[in-house]
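S.K.: Each chain, written out:
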Amino acid sequence: MKESLGVYDYWAYDQRPKIEWPGGAKVAFWVAPNIEYYELDPPQNPQRSPWPHPHPSVPGYSIRDYGNRVGHQRQMALLDKYGIRGSVSLSVALCEHHPEIIRMCKERNWEFFSHGIYNTRYTYGLSEDQERAMIRDSMETIHRHTGQACAGYLAPALSHSERTLDLFAEVGEELFGDKGGLYTCDLFHDDQPTPVSVRSGKRFISMPYSLEMNDTIVYAVNKVEPRQYATMLKRHFDRLYLEGAESGTVMCIPTHNYQVSCPHRIKAFEEALEYITSHPDVWVATGREIADYYLANYYDAALDSIAAQAATTGREG
Amino acid sequence: MTLNDDYLDYPLRRQGYDHERYAWSMLSERAPITWPEGKTLAVWINISLQFYPLNQRGKPFKVPNGMTMPYPDLRHFSLRDYGNRVGIYRVLKALAAHNITPTFAINAQLAEQTPYLVQRLKEHGGEFIAHGWNMDHLHYGGQPIEEEAELVKRSVETLRSVTGQPVRGWLSPAKHQSFNTPDLLAENGIEYCADWVNDDMPYAFHSQAGSLTMMPLATEIEDQFVMSQNLHSEDSWVTQVKDAFDFLLEESHEQGGRLFALNLHPWLIGQPHRIACLEEVLAHISSHAEVWQAPAGEILDAFHHTSEQA
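So the sequences go chain by chain: A and B.
When the letters of the first sequence are read in order and numbered with my numbering, they come out as residues 721 to 1037.
When the letters of the second sequence are read in order and numbered with my numbering, they come out as residues 282 to 591.
Just so you know, nobody snuck in bad clues.
Under the rule of at most 25 Å between Cα atoms (straight-line distance), these lysine-lysine pairs were calculated in the PhoX-like manner: (1) B:K456 - A:K943; (2) B:K523 - B:K320; (3) B:K456 - B:K340; (4) B:K343 - A:K943; (5) A:K987 - B:K320; (6) B:K374 - B:K403; (7) A:K899 - A:K826; (8) A:K954 - A:K801; (9) A:K943 - B:K523; (10) A:K943 - A:K987; (11) B:K456 - B:K434; (12) A:K987 - B:K523; (13) A:K954 - A:K738; (14) A:K954 - B:K523; (15) B:K523 - B:K456; (16) B:K523 - A:K801.
Keep in mind the hints are simulated off the structure, nothing from the lab.
In isolation and in its complexed conformation, chain A is listed as follows (with noise of 0.2 Å):
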């Protein structure tokens, strides 16, 4: 195990280059919907229990079905309403188990990146040949059923191993060049994009996706009041909307049709989408443009100016 990562620098918030969106925006906001499937009867992991319950766990198995048999297509006109399409971050076994929703998805041009292929099957315990196997089907899958060349990976809940990232970077190069594989959701360490390091030395970044504003996070974890959660959503995007006037930043909401979608809290998403969106200098994108536009012109001069602050402060680039 070792003590830090290491796939990033480190990388002050206030020296960087200024970061200038299209349009002159300050903040290019993205929504991602995860769309899952849970296993009902999953194998065992030795590192971690895909349930909290023995077989079946019908509590959270029928929330998660409430997801994508009921609440898909309230988050969906929400979102046509507010002009956004969303980043599907996809268990792609959802593409053999539910075609329709990602036909669906499909018409409104929205972005599918790999979640794994359940989310009740862990990293945790693959060997790195495993591991590539299962992000080559993901995104197998995903062209497959969509025509995408997947450019974004969340790994199946959260779930990681040291070469995660490199793994991602390689199978995304194999299948697609540099149309694929371009940007990892899993770190959770800036509030722009940054350049990530992986081993064949692919132009490689984190995009911000967000834990804190993670509706999951805020509902299941945190326990957070639903109207509260409309409160924290406006404070997070009025403080970035501030300073993306100096620096463009990204805002991210993170979300899962099983919790934002409930009739108890569907009207605090939208009272936060209707809040964002009327904003004017707002970029509302998906994770590959806001991936696209930032490696086109932005990741070199984070490069040298990563590297200059380093030599600044007598450390090794």
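Could you slot chain B onto chain A? The hints should help.
M.R.: Just chain B now, with coordinates in the frame of chain A:
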């Protein structure tokens, strides 16, 4: 240690579900239905009446809201008992004030031991549904089928005997089941179950002993879920329930009939400082003309009736 390669096998990765219990169907894609009298929103109020044994075994896990302290945990035992002695009578008054006919999901052991309570519930009017034996007799994966079969049979037969009602519905303690539970329910003449909360409408559920209907009893707006599990305030609970109701009512105007199901626990909502919150919620629900309030069995019958006509 590396996992075996079969960790990456997915034998049930296929169209539909990874089980055979019910069909995949998105709610908004279904044909719209209308409830009796042309109403769009069916309202089902369930009152859960529960016995939490002091000598809790906690098998295979401790039930939420059960005993947490070393034996004898008098605080939790008596706080839960409060609901059956005091809280329920406040709740009944509140229901009567708004002419609400609920279902009473009652642990069979409690029904057997408190004939006076059962009599009062019958006088109020409502439908009894089975709620297992008590809150320390869970239904769970890995439970020997003979043991569970006896538990279901005893629970259902006892409740039928002491209430004189047919007892058509079932709510498992803590909504937990084994893989056999639906089959055992159907074998015992149960027509509908409330455990799988994956829809805002009833839907058909398969069992080896014939068809069941799932009547999803919303968990996330339950008094105990919001106030006891999430530790939200009473005022927030009122807001959440009203928001849920308002949203489903609006959706029912646009997409056809919906089910609003509210589960209540007299040991929690029947406390003096909370009962006014229930009264506020019931007043809100009752103030809308598009609402059809009925116990779950009647909603089930209406659902089958309208589905046949559709």
